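**Student:** Residues per chain are reported as follows:
Number of protein chains: 2
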Amino acid sequence: MIGTQGFVRSVRLPVPALGNNIADAERLKAALKKELDTDRVVVPLGVVKNLPGLVRKYDHRLKTVLFRESFGWRVVSVQDPDGSDPVCGIALDIGTTRVVARLIDLETGKTLGESGFDNPQIRIAPDVLARIHHAKEAKGLEELRSSIIDSVNVQARELCEGAGIGIESVYLMACAGNTAMTHLFLGIDPSFIIREPYIPGVNMPDPMDALSVGIQLNPNARIFLFPNIGSYFGGDLIAGILCAGIHKREEPSIMVDVGTNAEVVLGTRDWLIACAGAAGPALEGGMSKMGMTAGPGVIDRVVIDPDTRHIEVHTIEEKPAIGICGSGMIDLAAQLFLSGMVDIRGKFSRERCGDRLVLKDGIATFELVLAADSGTGRPIALSQVDLNSLTSSKAAMHSILEVIVQQTAGIGFDDLERFYVAGTFGSFIDPRSAISIGMLPDIPLEKFQVLGNSSLEGSAKLLLDPDLFDEIATIRENLTYVELNVNQEFMNIFSGAKFYPHTERSRFPSVTIWGQA
Amino acid sequence: MIGTQGFVRSVRLPVPALGNNIADAERLKAALKKELDTDRVVVPLGVVKNLPGLVRKYDHRLKTVLFRESFGWRVVSVQDPDGSDPVCGIALDIGTTRVVARLIDLETGKTLGESGFDNPQIRIAPDVLARIHHAKEAKGLEELRSSIIDSVNVQARELCEGAGIGIESVYLMACAGNTAMTHLFLGIDPSFIIREPYIPGVNMPDPMDALSVGIQLNPNARIFLFPNIGSYFGGDLIAGILCAGIHKREEPSIMVDVGTNAEVVLGTRDWLIACAGAAGPALEGGMSKMGMTAGPGVIDRVVIDPDTRHIEVHTIEEKPAIGICGSGMIDLAAQLFLSGMVDIRGKFSRERCGDRLVLKDGIATFELVLAADSGTGRPIALSQVDLNSLTSSKAAMHSILEVIVQQTAGIGFDDLERFYVAGTFGSFIDPRSAISIGMLPDIPLEKFQVLGNSSLEGSAKLLLDPDLFDEIATIRENLTYVELNVNQEFMNIFSGAKFYPHTERSRFPSVTIWGQA
Numbered sequence: 001m002i003g004t005q006g007f008v009r010s011v012r013l014p015v016p017a018l019g020n021n022i023a024d025a026e027r028l029k030a031a032l033k034k035e036l037d038t039d040r041v042v043v044p045l046g047v048v049k050n051l052p053g054l055v056r057k058y059d060h061r062l063k064t065v066l067f068r069e070s071f072g073w074r075v076v077s078v079q080d081p082d083g084s085d086p087v088c089g090i091a092l093d094i095g096t097t098r099v100v101a102r103l104i105d106l107e108t109g110k111t112l113g114e115s116g117f118d119n120p121q122i123r124i125a126p127d128v129l130a131r132i133h134h135a136k137e138a139k140g141l142e143e144l145r146s147s148i149i150d151s152v153n154v155q156a157r158e159l160c161e162g163a164g165i166g167i168e169s170v171y172l173m174a175c176a177g178n179t180a181m182t183h184l185f186l187g188i189d190p191s192f193i194i195r196e197p198y199i200p201g202v203n204m205p206d207p208m209d210a211l212s213v214g215i216q217l218n219p220n221a222r223i224f225l226f227p228n229i230g231s232y233f234g235g236d237l238i239a240g241i242l243c244a245g246i247h248k249r250e251e252p253s254i255m256v257d258v259g260t261n262a263e264v265v266l267g268t269r270d271w272l273i274a275c276a277g278a279a280g281p282a283l284e285g286g287m288s289k290m291g292m293t294a295g296p297g298v299i300d301r302v303v304i305d306p307d308t309r310h311i312e313v314h315t316i317e318e319k320p321a322i323g324i325c326g327s328g329m330i331d332l333a334a335q336l337f338l339s340g341m342v343d344i345r346g347k348f349s350r351e352r353c354g355d356r357l358v359l360k361d362g363i364a365t366f367e368l369v370l371a372a373d374s375g376t377g378r379p380i381a382l383s384q385v386d387l388n389s390l391t392s393s394k395a396a397m398h399s400i401l402e403v404i405v406q407q408t409a410g411i412g413f414d415d416l417e418r419f420y421v422a423g424t425f426g427s428f429i430d431p432r433s434a435i436s437i438g439m440l441p442d443i444p445l446e447k448f449q450v451l452g453n454s455s456l457e458g459s460a461k462l463l464l465d466p467d468l469f470d471e472i473a474t475i476r477e478n479l480t481y482v483e484l485n486v487n488q489e490f491m492n493i494f495s496g497a498k499f500y501p502h503t504e505r506s507r508f509p510s511v512t513i514w515g516q517a
Numbered sequence: 001m002i003g004t005q006g007f008v009r010s011v012r013l014p015v016p017a018l019g020n021n022i023a024d025a026e027r028l029k030a031a032l033k034k035e036l037d038t039d040r041v042v043v044p045l046g047v048v049k050n051l052p053g054l055v056r057k058y059d060h061r062l063k064t065v066l067f068r069e070s071f072g073w074r075v076v077s078v079q080d081p082d083g084s085d086p087v088c089g090i091a092l093d094i095g096t097t098r099v100v101a102r103l104i105d106l107e108t109g110k111t112l113g114e115s116g117f118d119n120p121q122i123r124i125a126p127d128v129l130a131r132i133h134h135a136k137e138a139k140g141l142e143e144l145r146s147s148i149i150d151s152v153n154v155q156a157r158e159l160c161e162g163a164g165i166g167i168e169s170v171y172l173m174a175c176a177g178n179t180a181m182t183h184l185f186l187g188i189d190p191s192f193i194i195r196e197p198y199i200p201g202v203n204m205p206d207p208m209d210a211l212s213v214g215i216q217l218n219p220n221a222r223i224f225l226f227p228n229i230g231s232y233f234g235g236d237l238i239a240g241i242l243c244a245g246i247h248k249r250e251e252p253s254i255m256v257d258v259g260t261n262a263e264v265v266l267g268t269r270d271w272l273i274a275c276a277g278a279a280g281p282a283l284e285g286g287m288s289k290m291g292m293t294a295g296p297g298v299i300d301r302v303v304i305d306p307d308t309r310h311i312e313v314h315t316i317e318e319k320p321a322i323g324i325c326g327s328g329m330i331d332l333a334a335q336l337f338l339s340g341m342v343d344i345r346g347k348f349s350r351e352r353c354g355d356r357l358v359l360k361d362g363i364a365t366f367e368l369v370l371a372a373d374s375g376t377g378r379p380i381a382l383s384q385v386d387l388n389s390l391t392s393s394k395a396a397m398h399s400i401l402e403v404i405v406q407q408t409a410g411i412g413f414d415d416l417e418r419f420y421v422a423g424t425f426g427s428f429i430d431p432r433s434a435i436s437i438g439m440l441p442d443i444p445l446e447k448f449q450v451l452g453n454s455s456l457e458g459s460a461k462l463l464l465d466p467d468l469f470d471e472i473a474t475i476r477e478n479l480t481y482v483e484l485n486v487n488q489e490f491m492n493i494f495s496g497a498k499f500y501p502h503t504e505r506s507r508f509p510s511v512t513i514w515g516q517a
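Protein chains in written order, with my numbering: chain S, 1 to 517; chain H, 1 to 517.
The set of hints was computed from the structure by calculation and includes no laboratory data. Remember, predicted model here, so these are calculated numbers, not experimental data. Any given hint could turn out to be false.
Covered by chain S, per the in silico footprint, the following chain H stretches (three or more residues, Cβ under 8 angstroms) [unchecked claim]:
(1) 68-75
(2) 194-201
(3) 219-225
(4) 265-276
(5) 383-395
(6) 496-510
With a Cα cut of at most 25 angstroms, we get these calculated DSS-like pairs of lysine-lysine [to be verified]:
(7) H/LYS461 <-> H/LYS33
(8) H/LYS248 <-> H/LYS461
(9) S/LYS248 <-> S/LYS57
(10) H/LYS136 <-> S/LYS57
(11) S/LYS57 <-> H/LYS447
(12) H/LYS139 <-> S/LYS136
(13) S/LYS57 <-> S/LYS34
(14) S/LYS360 <-> S/LYS63
(15) H/LYS248 <-> S/LYS49
(16) S/LYS139 <-> H/LYS57
(17) H/LYS49 <-> S/LYS136
(18) H/LYS57 <-> H/LYS34
(19) H/LYS136 <-> S/LYS49
(20) H/LYS447 <-> H/LYS461
(21) S/LYS63 <-> S/LYS139
(22) S/LYS360 <-> S/LYS347
(23) S/LYS139 <-> H/LYS461
All residues carry an ideal CB built from backbone N, CA and C; glycine is no exception.
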């Protein structure tokens, strides 16, 4: 089915005769216009060159690899209609931290391989801001650009080798990244993304020859980058919306992506509201810096018995504990709160914590894993300062949700049909725990859905379905971008949300706290 | 005027603000859509890369170099709105024998230089047919392609050096050649152009990056090749029509281009009829092989006094005669006929020629310049065989004109408002002489107009006027291509036209022959 509906189509050309002697390229165009029901098809020089020989060799039948462009369709390759050479594409998620590539058979839709690597730009400058500053130095932009392009080329070759195909069998590449990563990938001056009024160089790059970007695939391969809406709302989020399908549902649903920034999209098939960017100091040093990266020995789940206050921690690969990751932190905070060891103000309860609470440099610190049991020889602990930071983050998240859902869209949390959690944040989080601390709204658990790498998934979907280009256009048209202003009103909401789970206890009926049961 | 109507436009971009924060590329697009009154503008990656810095450096005013594409407009370059760097284009006539390039300032319309060179493909294979055969050999096509591309690059650099500008100041190139030359220039398989049913690889190549064709100009430069109608009606003729303006006149006019092939276009602003290709054996070895290439000592004009039969020859640069060129041949035939030295059957009159007519290898031969007066030490002579060949050629030309004007279009020669003579044939021909021998119809001399290199002129016009793209489309739409069949009917017409000036003497009332006055 995909083979006849996607980017690979077989067509039959009318056989030329003295009365019908239009050129080969124009006959191919005419056949494809009919097949694709379009009024514009481009056959580029790279395809025209050998077309006359191929048309006759394959007896006026051709398998064509196509791509959608802003103005219509473009022929990327023509080949043996009965040939068995694979026709592939690569979906690419250009993350600030990590880049993931997936090799896909465009005819069967099958994944032939997937692999990731750390974004090599990290070695040049750690975060988005530093990279944009580095790009201003002499050859800085080119250094950043070539580092990622070179790595993608290596990765693409390895993926192909792993799948036993040649790199020339890859005809399409769909990439999604945030606005800054997209600019750096293409070598576009990113300077003004971070300066008020925050203007990207481009929102909708037209599809390009892969070669013109420096990507080595089939010599005629095309590359598409998901468009961004603004400096703080990138193509990765458009890909995410596509992946979640928010833009196609009758009832409202929401997607929350917390990676380097916090981004929220809310809407239906008729309207979309997006809000992104740092929600002021509240989120600064918040979600993204919370906890360490997942790895062996990292605590990812915590259970505390409210009655006995017995603590059980689970570590990745069940190795001795060496630290705690983001989802573990949220689990820990939830369990501490539910067992009364953290009070509604987010402060450790000296009484309930008992011996586990110690003073360290004058700061109350909760020892989750004692030195004797840890993998580092030192206790794995959470200080009041760490907890305050988590409290700010969870309050900021809830405030953003309240502003966008209730104040901006004018609906209630109960009206949400689905709640998608994407990005690093979503990969491991336990919605139950996030609800318990008041980070996420108290809606039925079955409404939560983890999307994983929605940016990669959206890119992969696009490679198999040309209609998604229309959906992207619709998303861009329907989407209203809301600048989240950290004003007095926001700070009032934020203050209420700093309590556990919230000053308005009634908002979280499902949360049962020790001693209040 | 040209600067504000052509491919160079200055625009002012709205200054971004928090309420109007669309990206730079999209703001440029919006401004140009308004300026150009179009709904599609593409800003390619090469232009986007430095756009953010330039937009602010020039305070949101930009001079843009643009080009028309099949789907709308494309930005080729953005620069200092007050800058004095020249913005240039090159018009190129890709002749089978000779290639001519003209460097043009796109803002003033001024020609900055023009030069030509022999098509280097001649060294590989002399004519179109031989080149197409050579292209089938291993690397043959690439050899032909790179030879012309390399030479054009050398020529372009020399033209720029001569004009004191850098090659990066050339942003556009418009090229016109016949269908085979266009294919070889682009490296497209030309095999099927010469095989029934005579199918080109492409009729309308989309504009391309000059670099993708191997042409080294500004890195973002675009290249356009005039479209062809079929294997025997190339872009050079479309450029010719554009140059002559046949497609814009209310009354019918005609263009005759005799170079390697004979091509005729007839029409008005409402309809166009074209006919091209070899008119069978009649034209074979005809027009194109007639006489030698013009050069010092070559006879280009002949006058014979009908009464005294005194012969006066004019040679180029007035050097001693070494041969005779095409226009000299037609002059000679006309003068011989008008003075009764050649009869109405096209045979030398022994009585009127006298001593000048000798037998050479048993063939009657007319000595135009005696050995003593010639620059070669041998007589410059015209044999009955040479004259027969000229007779066939002139008869074929007249027959083609009769078929297309009278039979196909159903009008008379008197209805023609203009009669354009293009190509090598037109450059030097004396219409009076051509009428005398019955080659061209007997219409008032002031209707004849010599176009020179109409292919180059048409290309040059295009570089200054984007509206000509619409005219090209109209020409292609309105044009009916007529295959000239050499059937019995044509041969009957041809037989009558082999007489001097014609069997129907009344068709040439202005021709006064000695002894008939």
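**Student:** Confirm or reject each hint.
**Tutor:** Here is what the structure says about each hint:
1. 68-75: holds (count 3)
2. 194-201: It holds: at least three residues are needed, and the segment 194-201 of chain H offers 6 whose Cβ sits within less than 8 angstroms of chain S.
3. 219-225: violated (count 0)
4. 265-276: Answer violated; 0 residues pass the 8 angstroms Cβ test.
5. 383-395: Three-residue rule not met by the segment 383-395 of chain H, so violated; n is 0.
6. 496-510: violated (count 0)
7. H/LYS461 <-> H/LYS33: 24 angstroms, holds
8. H/LYS248 <-> H/LYS461: With Cα atoms ~15 angstroms apart, H/LYS248 and H/LYS461 stay inside 25 angstroms; holds.
9. S/LYS248 <-> S/LYS57: The given pair, whose Cα atoms are some 44 angstroms apart, is violated under the 25 angstroms limit.
10. H/LYS136 <-> S/LYS57: Status holds; Cα separation ~15 angstroms.
11. S/LYS57 <-> H/LYS447: Answer violated: S/LYS57 to H/LYS447 is near 51 angstroms, above 25 angstroms.
12. H/LYS139 <-> S/LYS136: Not OK: H/LYS139 and S/LYS136 at ~46 angstroms, beyond 25 angstroms, violated.
13. S/LYS57 <-> S/LYS34: Distance of about 23 angstroms is within 25 angstroms: holds.
14. S/LYS360 <-> S/LYS63: With Cα atoms ~70 angstroms apart, S/LYS360 and S/LYS63 exceed 25 angstroms; violated.
15. H/LYS248 <-> S/LYS49: Not OK: H/LYS248 and S/LYS49 at ~34 angstroms, beyond 25 angstroms, violated.
16. S/LYS139 <-> H/LYS57: 19 angstroms, holds
17. H/LYS49 <-> S/LYS136: Distance ~13 angstroms between H/LYS49 and S/LYS136 Cα, so the pair holds.
18. H/LYS57 <-> H/LYS34: 23 angstroms, holds
19. H/LYS136 <-> S/LYS49: Holds - the C-alpha atoms of S/LYS49 and H/LYS136 are around 13 angstroms apart, at most 25 angstroms.
20. H/LYS447 <-> H/LYS461: 23 angstroms, holds
21. S/LYS63 <-> S/LYS139: 43 angstroms, violated
22. S/LYS360 <-> S/LYS347: 16 angstroms, holds
23. S/LYS139 <-> H/LYS461: 41 angstroms, violated
When the structure is compared with the earlier hints, violations turn up for hints 3, 4, 5, 6, 9, 11, 12, 14, 15, 21, 23 and for no others.
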